[in-house]
Structure formats: C-alpha cells, structure tokens
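A.B. asks: Residue numbers (the numbering used here), protein chains in the order written: chain A, 1 to 674; chain B, 1 to 487.
Be careful, since some hints might not be right.
[Claimed, not checked] Covered stretches of chain B (chain A as the covering partner; in silico rule of three or more C-beta atoms under 8 Å from a C-beta of chain A):
{"no.": "1", "stretch": "162-168"}
{"no.": "2", "stretch": "268-277"}
{"no.": "3", "stretch": "386-394"}
[Stated by the list, open to error] Sample of chain A residues lacking proximity to chain B, with all beta carbon distances greater than 10 Å (derived):
{"no.": "4", "residue": "546"}
{"no.": "5", "residue": "576"}
{"no.": "6", "residue": "643"}
Just so you know, these hints were derived from the structure itself, not from any lab. Note that beta-carbon positions come from the ideal geometry of N, C-alpha and C, so glycine has one too.
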Amino acid sequence: MNAIQIIVFGPLLAAIVAGLGNRMLGSVAAKTITTAGLFLSCVLSWPIFLGFLGGSAEASVTPVLHWVQSGSLTFDWALRVDALTAVMLVVITSVSALVHLYSWGYMDEDPDQPRFFAYLSLFTFAMLMLVTADNLVQMFFGWEGVGLASYLLIGFWFRKPSACAAAIKAFVVNRVGDLGFMLGIFGTYLVFQTTSIPEILAAAPGMAGSTIGFLGYRLDTMTVLCILLFIGAMGKSAQLGLHTWLPDAMEGPTPVSALIHAATMVTAGVFMVCRLSPMFETSPTALALVTFIGAATCFFAATVGTCQWDIKRVIAYSTCSQLGYMFFAAGVGAYGAAMFHLFTHAFFKALLFLGAGSVIHAMHHEQDMRFYGDLRKRIPLTFWAMMAGTLAITGVGILDVFGFAGFYSKDAILEAAYARGTELSQFAFVLGCIAALMTSFYSWRLMFLTFWGKPRWAGSEHIQHAMHDAHVHDDHDHGHGHGHEVDGTAGYHPHESPLSMLVPLAILSLGAVFAGFVFHDGFINSEQFWNGAIAYNEHLIHAMHAVPLWVKLSATVVMLTGFGIAYAAYIRDTTIPSRFVATFPQLHGFAFNKWYFDELYNFLFVRPAFWLGRQFWQRGDVGFIDRFGPNGAAWVVAQGSSYAKKVQSGYLYSYALVMLLGLVAAVSWALAAG
Amino acid sequence: MDFAASLSLVAPEILLSTAGLVLLLVAAWAGDGASRAISIASVAVLAACAFMVAPALCSGAMGPDTVAFSGQFRADAFASFAKLLIYAAGGAALIVAPAFFERVHAMRAEYPVLILFAVLGMGLMVSASDLLTLYIGLELNSLAAYVLAAFLRDDERSAEAGLKYFVLGALASGILLFGMSLTYGFTGTTSFEGIRAALSGTISMGALFGAIFMLAGLSFKIAAVPFHMWTPDVYEGAPTPVTTFFATAPKVAAVALSMRVTLDAFGGQVAAWQQIVIFAALASVIVGALGAIGQTNIKRLLAYSSINNVGFILIGLAAATPQGASAMLVYLAIYIAMSVGGFVAVLMLKDADGAPVEGIAEIAGLSRHRKVLAACLAMVMFSLAGIPPLFGFWGKFVVFQAAVQAGLVPLAAIGIAASVIGAFYYLKVVKVMYFDEPANVAVGKSDWAHQALLAIAALFISPLGYLLTRWLGALADKAAAALFLAA
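Okay, chain A solo, but in the shape it has when bound (with noise of 0.2 Å):
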C-alpha cells in the first residue's frame, strides 16, 4: 500500500462508510471516520510536497487497475504524483481536513450531518482522482465527480426551492463546458491515438501546425483542441461566459463554498490547464483566448464584486476573479505563477470563506453586510481571521522584505503580463491592476461594513426572529430589548464560533500570512521543483525580474488607493456610496446586476429551453407519441371493445345474421381471390 493510495481512497472509504452507514451510523461516529481520514490523507500529503520542494523527489505513476481495453483505446486507473500534484494534495487535502472540522462546529445542528460529510469527503476523493490522473479519462472521470459532488452539496439543503435551483444552474452550466472538455478529449484521442497524458505532451509539439476538419472548417489542430479543453476548464473555473452558476452555488452551506467553490474545485480549470501546459505551449491563438478570457473575467467579476450586499457573493466575485488572475498568468506563460496564486489563494479564500462563515454563524444566519457592523469587538478572534484573509488577497507586502500571501503571488501574475510584452498581455496587465484596485476596494468594504461602523443589526428579519425566540423562552426579561433599539443591536449578542471552527480559521491564518513568503521561491523560479510537470519559460522567469520598479509597485500602489477608498466611503463619510449611486444609476446597476448576464441568459437560452421543452413534452410527447401511441391504442380498444359487446346483443336472429355474413364474406373472398 502506497501513501498515494492511502491519501485517495481513504476519503473514498470514509464516505462510503458514512454516507451508506448514515443515521445507523450517527452524526459523531460519520464526523469522526470522515474527519480523521481527511487529516490522515492531509499528513501524508505534506512530505509528497516538501520532498518535491526540496529537490529529493521524483514524479512517479502508481498503478491501480486496468480499466479499459478495447482495440487501439487502452487506459488503466492509475495514480500519477509530480510536482504539480503534489502541490494540489497538499491544497486538497489541506483545506478539505480543516474544512471537514469547522463543519463539526458550522453544521452542528443539521438533522443530516452523516450525508453531509459524506458527499465532502466522496468530493474529496474525486478532486483527488482528478488531480492525479494519469490520462484524459480518469482526470474527466474526477472532473464529473467533483461536479456531482458540487451539485449534491450546493442543493444539501434541498428543502430550500433556491438551493435547488441553484444546484440545476450549476449542474446545467457546467454540463456546457463539460461538453467542450470532451470534445477535446475526444478529439485529443482522434489526433494522438492515446489518452495518456504523458505521451501527449511529448507529442504536442510535433503537431503544431497540422490542420483539423472542424463544423466543416479546416482549423489548426492544436488550437481547436487547446480551446475545446479550455472551455471545460472555463465551466469548472467559473471564468467570463460560464461563471453564473458560481454566485448562486453560494446556497451551499458555508463550508462547502470555502472547500469547493473556492479553494479546490473551481481551480480544477487552472490546473488541467498547467497540466496540459506543452499542449497549450503549441497555439500561441488558444494562449490569447485563455489571456483574454482570463483578463476580462477577473476584471468583470471585480466590478461586480464591488456592490453585492451578501457577504458570501462578495467572496464567491472575488474568487471569480482571482481564478481570472490565474488563468490570464497560465495564458501568458507564467504556469508557475498561476499555480501559485491557486495554491496561495486556497488558503486565504478559504479563510475568507470559513471566517464570512464565522460571522454568519455569530449573526444568526444573516449574510447581508447592511445589516451588521461594529463586530470587531463581539467577535475578535473571527476579525483577526478575515484581517488576515484580507491582507492577502489584497495583497499587503513591502517589496524584498515581507508580504502577505497574496503579496508575492499577485504581483508575479502582473509582473508576468507585463514582462511578455504582447499586446494582449498589456492589456491583461491593465485589466490586472484594475481589477487589483478593485479587489482592495470591495475587501475593505466587506471588513469595514462587518467589523467597522455601528451595529445595524435590528433591521435583520433573522436576528428579529432570534431575539423574538429569546423572548419566547425567556418572556419575565421583558423590556430588556428595548433599550438596545437605539444602538442598533435589537438586544442580540453576537457570540463567538465554537473552537472547532477557530481551530481551521487560525491555521488557515497561518496559511494567508506565510504561504507567500515560504513558497515563492520554489513556485516561481525554481524550475528544477516543477521539473518537467509544467511548460517552463525560463525566458520569461528572467523578463519577470528585469520589469521597471513602477511595475513592481503598481500592485502596491492600486491597493493602497482601493484601501483610501473604501476608507473614505464607508468609515470617513459613509454617504459617499448612496450619492455616487445616484450619481451613476446606470453604472452601478449595470455592475450591481452582475452586467445583466443572468437576464441574458435567461432571455437567450432558458425561455428558448424551456419552450422547446414544453413543445416535445406536450406537443411531442402528449399531444402526438401518447395519442397515437399509447393512449390511441388504449381508446381504439375501448371503443373495439364497446363494440364487441354493442353486437352481442343475445338474440339468436342477429347471431345467425352474423354466422350467415361471415360465410358470405368468406365465399365472396374465395371467388374474388379465386
């Protein structure tokens, strides 16, 4: 038994135990097994990853089984570890474990917490099946469970009509990019004869070139399928086009949001990318769509980002976002930065995730930010969190001393636009800093408006129906309410999270505050750690170092001003945002609206399903394969059968009148015929 074994289906066994074994099993006994498996695959994850970071390992395939062998298609199961596993173990593994433990505390009072931990665990086994695949048919094969998985835990809740719809959304808008992804693999296939993964790459380049009969157009192979995949990886990553559902998975609980629709999942996109890299390297056309798509989608997702009231939307824009960051730093060469920012953003989104989640859970369910503030002192320990979620997603630092996670991650993706000097990096580069000054501005927002100002909390309907529940059960305290109305708290005393959840948000801290600093080395200009796992642009790695200093600074400087802003709007003056949006209704609508894709998409491709639907089921199905079918067939008897009975009538004259006609039709048959 290899540790790789262990780290993969370990999950794989605790969620069949606990998922199958569910409320025979009870809550604590399922927590346990699947937590304690998690942390099990999580140590034996960490050496895999520090022995690459020190040099000593070397990439390995583990076989497991033989899967399928039909003519010239033969793959088998088998566990591949390099470099660029072994940094989405440590990742997966990482951020599932803690993730795992703060549900013992957030998920507390669910009636169904053995199923839940189930699917987190059943998810991890996917993401990690995913990760180390060693062909195109096990990594679709991880793909496809980790969007099961996403669709069983976004609609857990399946009670709730929204948690549904938002299940179907996801489930539907990722089957769009899905398709792409198996076009590719399918194409991949047509091409290389083989869907091992290795023998690929090593084959990419001598393809570059080679055209491909695509819809009828004679296309560039390489590009076609280089675009094919990278639309799956557009559905999976949530970028421009195929983000909507992302937003509305936030229906999940909390912690699902911090594990799946933040740190793991949505990178799946960012990872098959790095992993396809050689393959990527041979169109230079599929590299600038991935730049631009990546670009346009992390500057979209931060204007949006900017004027969302739900704190968990806040978050779920900002991760659309930041998967545009690595998307557009995969599309211009840096590999090793995209994976970077994938494996340092793990850690602060995810605590930003856990730690929205903490505050949720302190206010009683309500996740509109209008309705809190003045929270720093009710709930420091989940304040000192988020502070260290936002110092690294804004990317705090001092250049060549210390910087927050985000810090050294961020800057290398800008830095990398700008050192490829293309025109579409250029202007990746803008959007980047933009989006940079963006991402200051609505994170700032997000702490200013939960942990700064005065208490708004008596206009929350959830903290209302908690006090108006206190008040039930505690009715001889009447008129203690009262006296807090004035100072906004409704009389409801935020508590603090259980230790269970403070545990994962301090290590998580740990992770936000040093990840970047620790690693940045090895990530960015180490290639003799990714040895091979990914395209290297030794190239580039020197063009990086050699940017002017103002570009070094840009990040600094963006955040710096998105910080003034959100200080002067929300803590200096706080009718600054109500009078710029009346000054631009347009303009804030249009980002408020999320630029109106969802109403798009609706007037486009839902109302135009949904017609045809109803056409096939009613007209088709109903009104023409049931009528002639079945239902036709079932009337033709009846009425047959009312007729059978109608001429037998019981009397002797009309039976021998019968008798009489049949030997008349058989003699005038026989003389016709005859």
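Based on these hints, arrange chain B on the given structure of chain A.
C.D. replies: Relative to chain A, chain B alone:
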C-alpha cells in the same frame, strides 16, 4: 383389412357405446340415487378407453394399418392424441359435476351417460376419414351437448343456453351438410383420400364452395369468429360443469376434425383455405380479447378467453405444416389444463350458502381469505395471458414459432400484439383479487374433488410443466406425422 381387425381398431368406441347403453339402463332402473355410482363408472370407462388408445399414440401408429371399415375410420396416433385429451376433459367434467348439481338437487343419472355419448361422438369426429363418419360423430356429440346445455331445465338461463345452442347448431350443421354435399357432388367421393385425389390440380368453384361451407360449419363448433356468437351466452347460461366440458373436449374434437378436413381432405389445396383460416385466427384473437374486456361475469370472460385461444390455435393451422399441427396439439393440451383449472376455480367460488359466485366484482380481495384459491386462479390467468414462466407461454411460443417458420411473420406479429390486449383483462382479474377492497362474498367451502382437480391443473401449468415439454412435444410430433402421412 378384415372386419375383425376393424373391430379391434374401434374397440374404445365400442366400449364407450356399450358402457353408455348399459349405464343408461342402470340409470333407468336405479334412478337418480345411483348418479354418483354411474359417474364413477363412467370415469372408469373413460380411463379404460384412455389405456386402449394410448399404445397407438406411443408407438406413433400411422398408415394403412390404422384404417378401419374401408377407409371410414382411422385410429392413428393423431386420433389417439386428441382422444386422450377428450377423455381427460370428459373425466374432469364428470368429476366436478356432483358437487355442483347436488346442491340444487339436480344431479341426475343421465348426466354421465350424456357425457359418455358426447365423448363417443367426439371420438368418431377425430377418427373420421370420411364425410359420413364426420357427420355422424359431429351430430352425436352435438345432440348430447344440446341436452347438456339445458341440463338445469328449471333454470331460465340454462334453458335459453340449450335452445340457442340448438338453433344455431342446427344452422351450422346445415351449412356443414351443404358443404359436404357440394364436395361430394364435385369430387364424386366422400372419403378424404378420394377427395384429396380428386382435387389435384386447379380446384373447381363448386369444390371450393364445398370446402368453405364445411369450414364454416366446423368453425361454429370450435367457436371461431365470426361463428362464435353463441359462445358467451351458452357458456354463461349452461351449468358450470357443462361449461367446463364445452370449453375443453368439443374444442379438441372440432379442432382435430378441422385439421383432418383441411390438411387431409383439402390438404392439396392449401391456398384455397389458408387466407380464410388466417382471417378467422386473427379475428378470433382480436374479438376474443376485445370482447373479454368489458365483461363482469367470469364465465363470460372465460368464454371470450376460449375464443381468443382458438384464434391462437388457428394460427398453427394457418401454417399448414407438420410443425404447425404439432404446435396446435401442444397448445390444445396446455389449453385443456388451463381451462379446466379456470373453470374448476370458478366452481369453487361459492358464497356462504354454497351458491355459485360468478361476478368478477364479487371476488374482489379474494386473496385475503382464500389464499390458495386466489393464487391458483391468478396462476391460470397469468398462464392464459402467456406470461413466462407459466406453461401457457410455451403453447403460444410453439404456435408462433411454427407460423414464423412457415413464413407467416406478419400473422405471428399481429398475434403477439393482440395477446397484449388479452393480458389486460387477465391481469385485471388478478388485480381485482389481490388489490381491491375485499367484497367477502366468495367465502364458501370447496369440494375436495374440485381441490384435487385444481391442484393437478395448477401443477401442470406451473413452471414444472416445462419438464414435460420434450415428452409432450415428441408425442405431438408423432401425432402430426400420422396426420400428414395419411394425407
């Protein structure tokens, strides 16, 4: 063939007629009190006859050695197969009767005697190789049957059934006789062999008419559409033991006789009658199925079911091959078991006073208080619907197989499709028994004879019946071979 040899070939018929006459005298002297004893004696006679015909079947007797009285009569394996089925059905009709009639004090000594004469007539029918034997056998059977249908003289429905059967039967007899005279007129002979020889080459219009009229007359006996109209009324009106008899033995006799007429006498002119048989087969299957759907009386439902089954049997006849003939015989054997099982189960449905229960609505929820009976009836229904693994499926399968191998694929396809309609009403009975609110009507006790007979029938149609397929198939093949050799 000398006279003594001929006598030895008709020995079962001689035994039957002698026994019938003797038992009639006994009945006259001893009165109705002896009816049970006479019934038992009759069953014994039938058993003895069965032993007498069995060797001919087992040895696959065929050819000139089986012909008696200068070609009037044939005692070959085919006749033996049919006779065994007829004797079995006759025996069943005798066994189930006393319990039924005694409740209304109508068990008369004439009943077993009439059954014996009817069986004798049927024996002559299936052995007929001449138009005259055919007609004598048919009329002997029919006359006994008319009386049996009206056996409960005081019962209006029974009297009505007897009268209807008689009037329509007379009409059918007339048609048959007319056809026979036409055939004789255009071929100059009454023997099947002679007719066959005379009809080589193009068939004349008169002989064709003769064939069609004869087929029409025979169709009445086997209740094929459009000569089926009497069946529901007579089956419903006649006392249930008589209905059991009508649904089984005469079917076998009439079907076997039809096979002799079509495959032997008119065997050289298959094209002349095949289309008509195909039509009758499909019409019977469909009308039987459609008619059954609306029925509320279970005897009437089984009447339509018998019409439906005759259609499937005729599909085998339409094939006009030894295989088709063999399939028909297999189907007949299974059909006899299913029919006996079905009607005996109906006989066992009694209310608290012991009066018969015939309404389908009244057996609702039967499975709650009569578990075994409901299970047996359900098995009969599933088997009639042709649902594997019950034995009814096998009968349908061999018939369709024969039709397909004879190139009649559309016929088989339509037959299969129509059997779906049939499944509806069979399954409806099961649904009523198992899933409806109990009506608690059919609560009366059952007679042990009924139980035993139902158990045998149920065992035969159960999946265990498949153990018999090889044996049954081999015997049917021998019988069919004998039929075709004579031809």
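A.B. asks: Hint by hint, say whether it matches the structure.
C.D. replies: Status of the hints after comparison with the structure:
For the stretch 162-168 of chain B, the stated coverage by chain A is satisfied: 3 residues place a CB nearer than 8 Å to a CB of that chain, which reaches the threshold of 3. Here's how the stretch 268-277 of chain B fares: 3 of its residues keep a CB closer than 8 Å to some CB of chain A, so the rule of at least three is met and the hint holds. Figure legend: the stretch 386-394 of chain B, annotated as covered by chain A; annotation inconsistent (0 residues with Cβ-Cβ distances under 8 Å, at least 3 required). The claim that residue 546(A) is not at the interface with chain B holds, since no C-beta of that chain comes within 10 Å of its own (minimum 82 Å).
Chain B leaves residue 576(A) outside its interface by the beta-carbon criterion, the shortest separation being 73 Å against a cut-off of 10 Å. At roughly 8 Å from the closest C-beta of chain B, the C-beta of residue 643(A) falls inside 10 Å, breaking its exclusion from the interface.
Consistency note: the structure conflicts with the earlier hints numbered 3, 6.
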